[in-house]
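Chemist: Dock chain B against the given chain A, drawing on the hints supplied.
Protein chains: 2
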Amino acid sequence: MSRWEPNARGRLEQAALELYAERGYDQTTVSEIAQRAGLTERTFFRHFTDKREVLFWGESALHELLVNRVANAPDGEAPIDSVQAALEGATGFFDGRLEHSRRRQAVIAANTALQERELIKLASMSAGIAEALRARGTKDPAASLTAEAGVSVFKIAFERWIDEANKRDLTRLIGDAFAELKSVTAGR
Amino acid sequence: MSRWEPNARGRLEQAALELYAERGYDQTTVSEIAQRAGLTERTFFRHFTDKREVLFWGESALHELLVNRVANAPDGEAPIDSVQAALEGATGFFDGRLEHSRRRQAVIAANTALQERELIKLASMSAGIAEALRARGTKDPAASLTAEAGVSVFKIAFERWIDEANKRDLTRLIGDAFAELKSVTAGR
Numbered sequence: 021m022s023r024w025e026p027n028a029r030g031r032l033e034q035a036a037l038e039l040y041a042e043r044g045y046d047q048t049t050v051s052e053i054a055q056r057a058g059l060t061e062r063t064f065f066r067h068f069t070d071k072r073e074v075l076f077w078g079e080s081a082l083h084e085l086l087v088n089r090v091a092n093a094p095d096g097e098a099p100i101d102s103v104q105a106a107l108e109g110a111t112g113f114f115d116g117r118l119e120h121s122r123r124r125q126a127v128i129a130a131n132t133a134l135q136e137r138e139l140i141k142l143a144s145m146s147a148g149i150a151e152a153l154r155a156r157g158t159k160d161p162a163a164s165l166t167a168e169a170g171v172s173v174f175k176i177a178f179e180r181w182i183d184e185a186n187k188r189d190l191t192r193l194i195g196d197a198f199a200e201l202k203s204v205t206a207g208r
Numbered sequence: 021m022s023r024w025e026p027n028a029r030g031r032l033e034q035a036a037l038e039l040y041a042e043r044g045y046d047q048t049t050v051s052e053i054a055q056r057a058g059l060t061e062r063t064f065f066r067h068f069t070d071k072r073e074v075l076f077w078g079e080s081a082l083h084e085l086l087v088n089r090v091a092n093a094p095d096g097e098a099p100i101d102s103v104q105a106a107l108e109g110a111t112g113f114f115d116g117r118l119e120h121s122r123r124r125q126a127v128i129a130a131n132t133a134l135q136e137r138e139l140i141k142l143a144s145m146s147a148g149i150a151e152a153l154r155a156r157g158t159k160d161p162a163a164s165l166t167a168e169a170g171v172s173v174f175k176i177a178f179e180r181w182i183d184e185a186n187k188r189d190l191t192r193l194i195g196d197a198f199a200e201l202k203s204v205t206a207g208r
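Chains as they are written, first to last, in the working numbering: chain A, 21 to 208; chain B, 21 to 208.
Bound conformation, chain A alone (with noise of 0.2 Å):
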């Protein structure tokens, strides 16, 4: 019988990263996410489709809104503008997710497969850009160009962001990386 699980999903993700940082992705099953977090297979995969989707969902939700905020962005905004407001107007997802979003990355850096996965993921997310940037009439190189900027300067500022040392928050330090992008590219 299903029954109703209150945070079903936060914790077998919560459960996952546990299992993947003390024994490593390779090695953990569903069914021992499942009874870290006390809820059974069925539970799991009522919210994902095997273990790796649990640190790969939000790219996902991630594509579809920058994609979204690009496809609809104001007319006359410069496409390297509509990517910088996409990028900023997305950083709500990561709201109380810094130490999540740490020991994501660590499981990830642990494990080749991961290390793929992220990279087809990011390849995706650019891909996904340019097309929403093509589509308003962005031409190419300049749509390919803009959008491979803006996923360079996310995934630099989200280390940066993840990185302990570090006490801005993700939108100022993406903030921060366009100006240093802008500056860099202009040889300075």
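These are computed hints drawn from the structure, not numbers from a lab. Please note that the accuracy of each hint is not assured.
Note that the list lumps identical chains together, so a pair holds whenever it fits in one copy or between two copies.
SDA-like cross-link-like pairs, simulated, lysine to any residue; straight-line CA separation at most 25 Å [said to hold, decoys possible]:
(1) Lys159 to Ile182
(2) Lys187 to Ala91
(3) Lys71 to Ala199
(4) Lys159 to Gln125
Modeler: Here is chain B on its own, set in the frame of chain A:
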């Protein structure tokens, strides 16, 4: 008995690309590659560690070339200019390899595991360039942003180069993409 085989490496590469295109990468064996090239498996393994390396050995060589140029940049050269010079200086690597590059790209595009491998190689190229920039005194995030921008420019210029419709040479396309990147990041 090992004997001298004229251009064994090039023949093996050519045979492998043909077979990957005809049968699919997963369905092709080293034995078949050697046979198509009129060589032995033993000769294959004298040149490549496995069938995947036939597609990726060039990226390692390119990586070395780029990092070396950045590490030995003239004093006072702006980081982005060092990266551009490194990329433009490496295009000789692709002389006479347009058809080869086109085929290689088609094989990779048809196989998710190879795409992941390609992305890992590019990420490692970016990390290598960033490290060389930091060793020369460029701080982060400028070093990482510059390296990421360079790899993006290269990827996009390369895609344009292997596009049949495009007749410009790779060095020119890289220069154009850097100019375009400056323009888009400036919000134009």
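Chemist: Confirm or reject each hint.
Modeler: Hint check results:
no., hint, verdict
1, Lys159 to Ile182, "between (35 Å within a copy, 18 Å between copies)"
2, Lys187 to Ala91, "neither (32 Å within a copy, 32 Å between copies)"
3, Lys71 to Ala199, "neither (38 Å within a copy, 44 Å between copies)"
4, Lys159 to Gln125, "between (34 Å within a copy, 23 Å between copies)"
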